[in-house]
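There are 2 protein chains.
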Amino acid sequence: MATLAVEQVAATLEGLEETIIHKLIDRAQFRRNLTVYRPGQSGFEGDAVSSLFEIRLRQHEVMDAEFGRFHVPEERPFTSPLPASRRLVSIPENILTIDDYDSVNLTARIQSDYLSFVSQLCADGDDLQYGSSVEHDVQVLQAVSRRIHFGAMYVAEVKFRSNPTEYRRLIEASDRIGLVSLLTRPEAEIRILERVREKVAYIQARVNTSVRSLVDADVVLNFYRDTVIPLTKDGEVLYLFNRRNPRD
Amino acid sequence: MATLAVEQVAATLEGLEETIIHKLIDRAQFRRNLTVYRPGQSGFEGDAVSSLFEIRLRQHEVMDAEFGRFHVPEERPFTSPLPASRRLVSIPENILTIDDYDSVNLTARIQSDYLSFVSQLCADGDDLQYGSSVEHDVQVLQAVSRRIHFGAMYVAEVKFRSNPTEYRRLIEASDRIGLVSLLTRPEAEIRILERVREKVAYIQARVNTSVRSLVDADVVLNFYRDTVIPLTKDGEVLYLFNRRNPRD
Numbered sequence: 001m002a003t004l005a006v007e008q009v010a011a012t013l014e015g016l017e018e019t020i021i022h023k024l025i026d027r028a029q030f031r032r033n034l035t036v037y038r039p040g041q042s043g044f045e046g047d048a049v050s051s052l053f054e055i056r057l058r059q060h061e062v063m064d065a066e067f068g069r070f071h072v073p074e075e076r077p078f079t080s081p082l083p084a085s086r087r088l089v090s091i092p093e094n095i096l097t098i099d100d101y102d103s104v105n106l107t108a109r110i111q112s113d114y115l116s117f118v119s120q121l122c123a124d125g126d127d128l129q130y131g132s133s134v135e136h137d138v139q140v141l142q143a144v145s146r147r148i149h150f151g152a153m154y155v156a157e158v159k160f161r162s163n164p165t166e167y168r169r170l171i172e173a174s175d176r177i178g179l180v181s182l183l184t185r186p187e188a189e190i191r192i193l194e195r196v197r198e199k200v201a202y203i204q205a206r207v208n209t210s211v212r213s214l215v216d217a218d219v220v221l222n223f224y225r226d227t228v229i230p231l232t233k234d235g236e237v238l239y240l241f242n243r244r245n246p247r248d
Numbered sequence: 001m002a003t004l005a006v007e008q009v010a011a012t013l014e015g016l017e018e019t020i021i022h023k024l025i026d027r028a029q030f031r032r033n034l035t036v037y038r039p040g041q042s043g044f045e046g047d048a049v050s051s052l053f054e055i056r057l058r059q060h061e062v063m064d065a066e067f068g069r070f071h072v073p074e075e076r077p078f079t080s081p082l083p084a085s086r087r088l089v090s091i092p093e094n095i096l097t098i099d100d101y102d103s104v105n106l107t108a109r110i111q112s113d114y115l116s117f118v119s120q121l122c123a124d125g126d127d128l129q130y131g132s133s134v135e136h137d138v139q140v141l142q143a144v145s146r147r148i149h150f151g152a153m154y155v156a157e158v159k160f161r162s163n164p165t166e167y168r169r170l171i172e173a174s175d176r177i178g179l180v181s182l183l184t185r186p187e188a189e190i191r192i193l194e195r196v197r198e199k200v201a202y203i204q205a206r207v208n209t210s211v212r213s214l215v216d217a218d219v220v221l222n223f224y225r226d227t228v229i230p231l232t233k234d235g236e237v238l239y240l241f242n243r244r245n246p247r248d
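So the protein lines, in turn, are chains E and C.
Using our numbering, read the first sequence as starting at 1 and increasing by one per residue.
Using our numbering, read the second sequence as starting at 1 and increasing by one per residue.
Honestly, the hints are just simulated from the structure, not real lab data.
The reader is advised that the hints may include incorrect statements.
Part of the chain E face toward chain C, derived, beta carbon under 7 Å [to be verified]:
{"id": "1", "residue": "Q59"}
{"id": "2", "residue": "G68"}
{"id": "3", "residue": "F70"}
{"id": "4", "residue": "K233"}
{"id": "5", "residue": "V237"}
The C-beta atom is built at its ideal place from N, Cα and C for all residues, glycine as well.
Work the whole structure out from these sequences, hints included.
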């Protein structure tokens, strides 16, 4: 059985932070452009129902599905149905002990939280750059989703292995509250939040503000505190309740 | 007629630097994965000829074309043929005085330079993350292309307007060397190169190197010096030779 230390999982999560921050900052170079989220206002030929954002996300995922993206455990799709992969994807051996990766799929809540968050991330108003806005939205969502699902599955598995007896007991008792309590490490969460705030502030500290829009570090911290961390934890619980054969 | 100051054009170009740097750093989190650039080795069903990179770029541009991306002057496509836009795109009034934006299209050289550059940007070897690698390649190429074509067209127009008599004389004489000389401002180029190196170094200065791969600031400086700046200048010349009615 493959092994993975908790430190390696934490290191991967930390490495994904820069990617998320880069993509949030790049989205914030455009206005909110709320028109792109309004159903039926896409202006897209042949689709009088969806928003431009929805059409872009769906088309992007169709392309990604054909490239095999969703064979990767932590890449969970936001849309369905999707076509089958048109290439053979080599997935490295991993430690996960779950039959259907999609039993841990938090994308609906990631999307809904992110769409509320756009109003805090971006300056008010409309700059007509609709295509660029939804293109960056998709990049942000995919980066956030990768981090949440990677954390949910790998952190839960590593923690399970560190204390299988207690985790088995709680899973068999369907004790959700007990599981959340055993999974939670407040000091680790505080460390992540402080690190994220520092990174956002630091990356932008010397930016020329006459040519780039700044993102408030506290706004990103709040997104981590209110969305990334809680959804990761909910995903850990989902993972544990769907973990294969608790006696293996 | 719309107007635009040279300072505003320079500011836009400066603002695009962070986006390019973010995307280069994100691509460098994956190995070179040279397999993705080998024709016929995509493993993609129904395509025994192209590389995985080529298929991804083409499919991405098909999607982008339907979203109307290439109606924007500085968004020039790498591939053809492409489908027509499926939405109405609002393009703000601009200063450009050229009939066919695609008469300034440097994408073939951008792509060829970038593909050589991947070996300097990324660590040697193969991590099997082929889908992610080509996805990031497309993001880098689009960011670099936007910067080069924006610079080529808007800088040339602004410079033309600052000295129309002399530019007209050189254009009518088909004096390419004279045009390059009149367009070139060595001190501005040096300032850009220094700024880019500083940004790359600064953005990464406090990164946890056990979880993130670093990009050498000089490698990005070289890419700007050998590709971004010269191709922008070649694009300025193309723009001027294709500029509408020199007497307007």
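To see whether the hints hold, each was checked on the structure:
no., hint, verdict
1, Q59, "holds (5 Å)"
2, G68, "holds (6 Å)"
3, F70, "violated (10 Å)"
4, K233, "violated (21 Å)"
5, V237, "violated (26 Å)"
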